[in-house]
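Read in order, the letters of the sequence shown correspond to residues 86 to 458 in the working numbering.
Think of the hints as simulated: they come from the structure by calculation, not from any bench. Check each hint, because a few of them may be wrong.
Simulated crosslink set (DSS-like; lysine-lysine; CA at most 25 Å straight-line) [to be verified]: (1) K205 / K219; (2) K138 / K420; (3) K191 / K215; (4) K138 / K215.
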Amino acid sequence: MYTSLAIAATGAAASAASLGYWQYLIFKLPIGFGCGGIGVSSFVLSTEPLGAKWRAFLGIATQYWWASGICFMSGVAAIMTEWRTLTFFFVFLTGMYAIFSSPLVKESPRWLLISGEVEKAHAILTTYAKVNDKAIPPEGLPPLKLPNENSKTASIGDLLPFPSLRRRLVAMAFIFFVNSMVYYGLSLNVGSLGGSIYLNNFLSGLVEMPSYAFAQFAVEAMGRQRTLVLLLAIAGIGCLISGFAQGTAKTVVALAGRFGIAASFNMIFLYTTELFPTVVRSAALGFCSLVARVSGIAAPQIIALQMFEPALPFLIFGGFAVAACLMATALPETKGVNVEDTLEGAAAQSASLNGATNFTRLEESEEEEMLRV
86 MYTSLAIAAT
96 GAAASAASLG
106 YWQYLIFKLP
116 IGFGCGGIGV
126 SSFVLSTEPL
136 GAKWRAFLGI
146 ATQYWWASGI
156 CFMSGVAAIM
166 TEWRTLTFFF
176 VFLTGMYAIF
186 SSPLVKESPR
196 WLLISGEVEK
206 AHAILTTYAK
216 VNDKAIPPEG
226 LPPLKLPNEN
236 SKTASIGDLL
246 PFPSLRRRLV
256 AMAFIFFVNS
266 MVYYGLSLNV
276 GSLGGSIYLN
286 NFLSGLVEMP
296 SYAFAQFAVE
306 AMGRQRTLVL
316 LLAIAGIGCL
326 ISGFAQGTAK
336 TVVALAGRFG
346 IAASFNMIFL
356 YTTELFPTVV
366 RSAALGFCSL
376 VARVSGIAAP
386 QIIALQMFEP
396 ALPFLIFGGF
406 AVAACLMATA
416 LPETKGVNVE
426 DTLEGAAAQS
436 ASLNGATNFT
446 RLEESEEEEM
456 LRV
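Take these sequences, add in the hints, and give me the full structure.
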């Protein structure tokens, strides 16, 4: 995570100091590369140590900082209008964050156990136990038994022989693709809504907060899969209607679409970590995030189509969101399920026919899940 922070901050500082367009463009590449790593690694580090009881609530809660950052950035940009100064300011904030947070952020105990580093995992879990007034058994933690040594270093290619995992990967990659396209498309298109671009961007960040609260409630009340289907439907319908609405109605409906896609984009990180086993979780999430970056690049080009027909970008975003909604109906439910550590274990959870999933529901206490890892 901190390597990604350094890469992104270095690219941002270099882009702010660039003397020409091509220099600026080249230095934007490490920013995107670093930000992708930050998003994936920070979410995995935040959620892997959590038990089933709190994984959904706290996993989604991490994104409140994202929405707060949008609101904060909008206010700062309205005051600090010179883009180079604005960029250097946020590079400075990144450095301060790295300095003050590094003593608090620990490696994932689950990943350490999978890697055979039991002593390091034990030390971190002991720290967690003290903070939570719990106790590690005196005999300590046994090393995790993996079916084969290759499981320690599993990659995306290793899950391809498993049909059910392969189908999940394709489905989640497409859903990430659509979420990124619609989310960044609506974000970059705030200028077409009329009024102050700073205020519109602030409101787009503000509307994400209640969407996260809704997602926190819905994933527990309705389950992950149904919540995702509902949110993508809201996003799709909102975008389709906003393509034809005018004035204030257009802004309101577009914000409704933003509500749906923001909550959806938030919860698919949680959903993905539960769909894939520990040995390939980061790789799967990273692959889906990479696919999302591709559609993020395409989003500005889709917005440019409004010069031919103003409603066209919203119709494209809405159509893709509806398609992703239909794709999500084929995914399994993971609420209350113990996440697996190995590819073999995850495959064993899946039924042999049509990729349906036969999960064993294990409602563990937090400490039981932590010690099981």
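How the hints compare with the structure:
Proposed proximity of K205 and K219 is supported: the alpha carbons are some 18 Å apart, at most 25 Å. Proximity of K138 to K420 is assessed by CA-CA distance (about 10 Å); at most 25 Å being required, the pair is judged to hold. Proximity of K191 to K215 is assessed by CA-CA distance (about 14 Å); at most 25 Å being required, the pair is judged to hold. Taken as a hint, the K138 and K215 pair is honoured in the structure, with Cα atoms around 19 Å apart against an allowance of 25 Å.
The structure shown violates none of the earlier numbered hints.
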